[in-house]
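Generate coordinates for the entire structure from the input sequences, incorporating the hints supplied.
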Amino acid sequence: MTVSLPDRRGRYGEFGGRFAPETLMPALLELESVFEEAWGDEAFVGEYHRILADFVGRPTPIYEASNLSKELGVRLLLKREDLNHTGAHKINNTIGHGLLAKRMGKPRIIAETGAGQHGVASATAAALLGLECEVFMGVKDIERQALNVYRMELLGTRVVPVSSGAGTLKDAVSEAMRSWVSTVNTTHYMIGSVVGPHPFPLIVREFQKVIGEELLSQMGEERPDVVVACVGGGSNAMGVFYPLIDSGIELIGVEAGGLGTETLAHGASLSLGRPGVLHGSMTYMLQDEEGQVREAHSISAGLDYPGVGPEHAYFKDKGLVRYETATDAEALDAFAWLSRKEGIIPALESAHALAWIRREAASLAGKTVVLNLSGRGDKDVQQVAALGV
Amino acid sequence: MFSRWPHLGFNGLKEAFASARAEGRAVFMPFLTAGLPSIETSVDRFVAMAAAGADAFEVGIPYADPLMDGPTIQKASELARERGMTMSLGIDLVRSVASETDKPVIVMTYVNPVLSMGIDHFMGSVATAGAAGVIIADLPFEESAPFSAAAAGHDIGLALFVAPTTPEQRVREIAASNPAFIYGVAEMGVTGERADAGHHIDALIRLVRSISQVPIVLGVGISTPDQAAEAAKLADGVIVGSAIVRIVLEQPDDLEALTTTVSSLAAAVHG
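In order, the protein sequences belong to chains P and C.
Position in the first sequence (from 1) plus 7 gives the number in our numbering.
Position in the second sequence (from 1) plus 3 gives the number in our numbering.
Worth flagging that the hints you see were computed from the coordinates, not collected in a lab.
Where hints are given, some of them may not hold.
Claimed, not checked - Covered by chain C, per the in silico footprint, the following chain P stretches (three or more residues, Cβ under 8 Å):
hint, region
1, 19-28
2, 31-45
3, 186-199
Stated by the list, open to error - The following residues of chain P were derived to be distant from chain C, with all beta-carbon distances above 12 Å:
hint, residue
4, Tyr249
5, Val284
6, Gln294
7, Arg329
Glycine included, every Cβ here is placed at the ideal spot set by N, Cα and C.
In structure tokens:
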């Protein structure tokens, strides 16, 4: 990037910032300076990368999906974030946060989770690093992601059900922030996406950008034409896009189209929302004409969120990334299609990005397209089976 | 503009703090969510609280994602919205409460409804309705400049927060910016009733006192007369929210339950 963002106020253009209750402000300011120092400390960065290599299993491979490529007339490469330990990109971030918590001397972490992947990754980092962990999860998500709830408990984490609002990711974030307000002196908030008040969007981006950096080095001299990723809060997309933002590669973020963008039942904050403040940050969000947050909808718990990271809002307004949508039905089709044709069961979140590629195959003909396969779909199998797919 | 109601607007609030200081007591400011128990009867609850000894009011405009609020006010916000409370009806209520009680009214809300309406339009509308000031729960000092400027332009006050976690240098900067008043967060955590009243914020209040004349109001976690009396010893004003909201939620038709509680809290604050 020619200009380094965020600025000192945590702004990405007009987006971002720090709209947080005063009780949290000192912790956010401390976190900002601790992170800056840690990220410039070779020992810290070295330990982070060592754990990513030995424990998480990075680098994740790039896999040429020949069967799908043949069918689509597109050269489709998969960046296999699903092969990370715990099954998604989320652990890149939680290892970093866990190390930060230790550096700050905070013995306890809290996290929110939607699909459960960030919760499992948080619980795993906590177990590895000897931290106490509590994960907030909406009651609706607890029901549709029962397997991940059990995994978290097995890892020694307490899962706290959140019944306010719609009982989904938005409510889990809000409840985690409320809990943090009363425990901030001993507790670090391990936020799961590039959302929240500054410095969270910056920190999560820095811990996830390993995806895009690896992609560039793995492809050597070659450059893909298009890189596609799903966007809920937007951490896997930010991780793969950020290092490519000035590369000339076409970048596509795919949001949850839910039951259709002509309905109100979707999670397409960038495509259909307008700027406002959600969870401490100025960004595109779903809201009514009075500025009340609107409930999102997606078949995938990880995309069922009415906001998005502020840097994505900036990318959208600057035309650096194009944001599209895929519906529940398209994502389900893509979920089954990748399973059947390549032997890879994708997370429902990632299936949205694949669904867009499938729909746009004609306009992508002959191009090299990288899909950031952000997670594996084991967690979704029970939910999809119940739908009779 | 408010010649009929000399105690309204920012001046009314300043006078309330000044006369309380002169009399060596604190100002009692109960909080109630706009639209409870119903849109039509909300104003009656404020009138009853005025008769029971409230000196000023905090009127909460319900928001869908109230990050600083505990279960009681979350529930109240949800109910009020279900019953049709909106920003414009909330501002109508502010107007009725101000004119019918002749006491300073502070509007409490969150950043996004204000942004959605337009900061200047919001401040102008609540000022015209007779409000004395505004509290925005998720607005920290760093992001407050455009909100303070708009409030000043319409001659109403914007409160800024100081919490038990706020370091000394930051307290100095916040006090030096001369807000309408400082909202001292008495307890770590979101709004709600607590068994024990802590004293985490005493030192910070003494610090503000030593460097500025800005009035300090304590809120969050104050629910019993004993807690209110303790807070009144330290501060210029005391806010009680959840304990009052809970009565209106649990006994929506029992005005006497409300006035009994408000009387005993007011007596405790006034000393």
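Quiz item: Which numbered hints does this structure break?
Solution: Structure breaks hints 5 and 6.
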